[in-house]
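Top line first, the protein sequences correspond to chains D and X. For the first sequence, the working numbering puts the final residue at 304, and the numbers step up evenly by one. For the second sequence, the working numbering puts the final residue at 417, and the numbers step up evenly by one.
Careful, some of the hints might be misleading.
Pairwise CB distance ranges (calculated) [what the hints assert, rightly or not]:
1) Pro246(X) with Lys146(D): 16 to 26 Å
2) Leu116(D) with Arg256(X): 27 to 37 Å
3) Pro113(D) with Arg256(X): 26 to 36 Å
4) Pro246(X) with Pro28(D): 29 to 39 Å
5) Val226(D) with Ser73(X): 21 to 31 Å
6) Leu82(D) with Phe276(X): 12 to 22 Å
Just so you know, the hints here were simulated from the structure itself, not pulled from any lab data. It should be emphasised that the depicted structure is a prediction, and the values quoted were computed from it without experimental measurement. Think of the CB as a built atom: it goes at the ideal place given N, C-alpha and C, for glycine as much as any other residue.
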Amino acid sequence: MSKPRFRWHIVVFLAPAVLIYTAVMIFPLFNTLRLALYSKIDQERIFVGLANFYTLFGDPHWADQFWNALGNNFWFFLIHMLVQNPIGIILAAILSHPRLRFAAFYRSAIFIPTILSFVIVGFAWKLILSPIWGIAPSMLDAIGLKSLYAPWLGKEDYALTTLALISVWQFVGIPMMLIYAALLSIPDEILEAGEIDGITGISAFWKIKLPLILPSIGIISILTFVGNFNAFDLIYAAQGALAGPDFSTDILGTFMYRTFFGFQLQLGDPYLGSAIASAMFAIILVGVCIYLFGIQTRMRRYQL
Amino acid sequence: MNRKLVTMAMVTTALATSGAFAQDVTLTIESWRNDDLVLWQEKIIPAFEAAHPGIKVKFSPTAPTEYNAALNSKLDAGSAGDIITCRPFDTSLALFEAGHLVDLADMEAMSNFSDVAKSAWQTDDSKASFCVPMASVIHGFIYNKDAFKELGVEVPTTEAEFFAVLDKFKEDGSYIPMAMGTNDQWEAATMGYNNIGPNYWKGESGRAALIAGAQKLTDAPWVQPYATLARWGEYLGDGYEAQTYPDSQNLFTLGRAAIYPAGSWEIAGFNAQADFEMGAFKPPVRNAGDTCYISDHTDIGIGMNAATPNPEAAKTFLAWVASPEFADIFGNSVPGFFPLSNAPVELEDPLAKEFVSWRGECESTIRSTYQILSRGTPNLETETWGASVAAIKGTETPEALGQKLQEGLASWYAPHQ
Numbered sequence: 001m002s003k004p005r006f007r008w009h010i011v012v013f014l015a016p017a018v019l020i021y022t023a024v025m026i027f028p029l030f031n032t033l034r035l036a037l038y039s040k041i042d043q044e045r046i047f048v049g050l051a052n053f054y055t056l057f058g059d060p061h062w063a064d065q066f067w068n069a070l071g072n073n074f075w076f077f078l079i080h081m082l083v084q085n086p087i088g089i090i091l092a093a094i095l096s097h098p099r100l101r102f103a104a105f106y107r108s109a110i111f112i113p114t115i116l117s118f119v120i121v122g123f124a125w126k127l128i129l130s131p132i133w134g135i136a137p138s139m140l141d142a143i144g145l146k147s148l149y150a151p152w153l154g155k156e157d158y159a160l161t162t163l164a165l166i167s168v169w170q171f172v173g174i175p176m177m178l179i180y181a182a183l184l185s186i187p188d189e190i191l192e193a194g195e196i197d198g199i200t201g202i203s204a205f206w207k208i209k210l211p212l213i214l215p216s217i218g219i220i221s222i223l224t225f226v227g228n229f230n231a232f233d234l235i236y237a238a239q240g241a242l243a244g245p246d247f248s249t250d251i252l253g254t255f256m257y258r259t260f261f262g263f264q265l266q267l268g269d270p271y272l273g274s275a276i277a278s279a280m281f282a283i284i285l286v287g288v289c290i291y292l293f294g295i296q297t298r299m300r301r302y303q304l
Numbered sequence: 001m002n003r004k005l006v007t008m009a010m011v012t013t014a015l016a017t018s019g020a021f022a023q024d025v026t027l028t029i030e031s032w033r034n035d036d037l038v039l040w041q042e043k044i045i046p047a048f049e050a051a052h053p054g055i056k057v058k059f060s061p062t063a064p065t066e067y068n069a070a071l072n073s074k075l076d077a078g079s080a081g082d083i084i085t086c087r088p089f090d091t092s093l094a095l096f097e098a099g100h101l102v103d104l105a106d107m108e109a110m111s112n113f114s115d116v117a118k119s120a121w122q123t124d125d126s127k128a129s130f131c132v133p134m135a136s137v138i139h140g141f142i143y144n145k146d147a148f149k150e151l152g153v154e155v156p157t158t159e160a161e162f163f164a165v166l167d168k169f170k171e172d173g174s175y176i177p178m179a180m181g182t183n184d185q186w187e188a189a190t191m192g193y194n195n196i197g198p199n200y201w202k203g204e205s206g207r208a209a210l211i212a213g214a215q216k217l218t219d220a221p222w223v224q225p226y227a228t229l230a231r232w233g234e235y236l237g238d239g240y241e242a243q244t245y246p247d248s249q250n251l252f253t254l255g256r257a258a259i260y261p262a263g264s265w266e267i268a269g270f271n272a273q274a275d276f277e278m279g280a281f282k283p284p285v286r287n288a289g290d291t292c293y294i295s296d297h298t299d300i301g302i303g304m305n306a307a308t309p310n311p312e313a314a315k316t317f318l319a320w321v322a323s324p325e326f327a328d329i330f331g332n333s334v335p336g337f338f339p340l341s342n343a344p345v346e347l348e349d350p351l352a353k354e355f356v357s358w359r360g361e362c363e364s365t366i367r368s369t370y371q372i373l374s375r376g377t378p379n380l381e382t383e384t385w386g387a388s389v390a391a392i393k394g395t396e397t398p399e400a401l402g403q404k405l406q407e408g409l410a411s412w413y414a415p416h417q
């Protein structure tokens, strides 16, 4: 018997991804975690242990901002879960209907916003909703509902929800595509067998298709969670780093940016900024772990 | 044949560029004044280059809101330009303390400036000066002369007259009485609170008392401006809550609004955009006959990146910026930014002349939050933005706002504890 050969090709094929990923993701991540334990005193970087975290959670000024941003972030996530994902599933279910005409066109049209830049989306929606130049007030006026119009992006009560819905509009294509793919992979035999048993139409969706696409919905939920808690671009593009009005659209990403790089007369503090980034990392890590160990392992899978 | 031509063209271009680089030093200027790009390229830089052969200058601005963050990152990464445009006070002081800016106190041309002008770019003990003072901006109100004529209203001088004029425009309905939005927040503080405020806290004396801790933000002179701002809300356009700064500028220059709470930096842009006659009036005093105070804010300085490879050329440029020649070109080509140099400058633009004439009639001061008071966290300047917006929207009472700002300031500033 010969000794099993060392399989070099595995190393060779893994190397590019591992190297690039280490250089641009893993190293910066751990360096950020390390930076959070330092502070600059008299132009010198000094190890301060957990002092930055004490400031972040102990100082009422910082703690208020942190909890405000975290709360807003949860609301942002909730809107995505309640609006984006159900709409994505419905769209996918409609698209996978065999008798729908122009399905390819609808699919592309709904997916296109996803590939647009945040800056374009933020700016375009800002213009659409603008009380002065926007088409939203005049469109509402045309159907006699002008009274429903409000300068949504400028009102504390509506701004965050409005931005979340803009983000939903932009990204609804992703759950749609993933669910659509999952629906297409369901073999016709199962549906036909169901039909013979008298399960057709809507009840076929609830009783056969939905259980089979649940794992995909789980993946979409976790992608939404990670995406939302890392979000920054849209808020920054639409409302600026101050996430107005009155911090009502401030999420962890904009809070971190403001702290890290500074704002107007406020000087940047990369160390406290890193502490916020570490907290974001911890939140996402906990969320993903809850999903992986609490939900995914208990999900029933069906062999197709 | 075609390919040959292209190759030849490329080779020639490459030769030409490398030839130019070989003898000239190129200085890059970091700035947030992207509105002035054309003026720098067409007037200021050619004037300098004509007098100083061998030095080329490139003006490379960033968006105002991103400037500080971008500049800090570039300085830390070593990729910043040779010449740094300086924000006033602590932002630049921090750059100097971090070793990014060079002490220019021994530069001969610095004697062209008064102590007040230099104070925005000095260490607290005034020993080191790290930026050449370039320009100040004056706050006030710009108005549409045609609209005023149409309704037959006079330029207001007191607060009562000011609100009477606004009422008239509101009643008439053909113009938005005042063009300002609260979406970007800073206008409410900069063109609102710090525009009208000096009349309440009596300019420099109030500002100094606040820094010394003798006055508090809960005192009447600091709270009353919020009460006045609260009355502005009803005169701003529909949906002002989502109106951005460029929206307001456009509303005014399109002739849809009558009054624009302004800083003099708007003059150049407004002259280019508006096709009606404009005038300016200073912040109205509270009662007829009161001394008037204006915010004449030291806004722009210019310094040298300590890491520049061309320190000699950079110093030559800074010395030229400090000269009366520059003051003359700058004052007239960027109307609304008033040179701080002691050399008298004759301005040609009527609107700029109007603004600068207030220096003779009123007492000058600078924005209340800029010196020392925005050093800690919470940052008083940023807090003032939020407070001014809240006052205009009426979401909080002036007293509650003063209380909140005072608590924030007292949490880190010893003279207020």
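Against the structure, the hints:
no.	hint	result
1	Pro246(X) with Lys146(D): 16 to 26 Å	24 Å, holds
2	Leu116(D) with Arg256(X): 27 to 37 Å	31 Å, holds
3	Pro113(D) with Arg256(X): 26 to 36 Å	32 Å, holds
4	Pro246(X) with Pro28(D): 29 to 39 Å	35 Å, holds
5	Val226(D) with Ser73(X): 21 to 31 Å	26 Å, holds
6	Leu82(D) with Phe276(X): 12 to 22 Å	50 Å, violated
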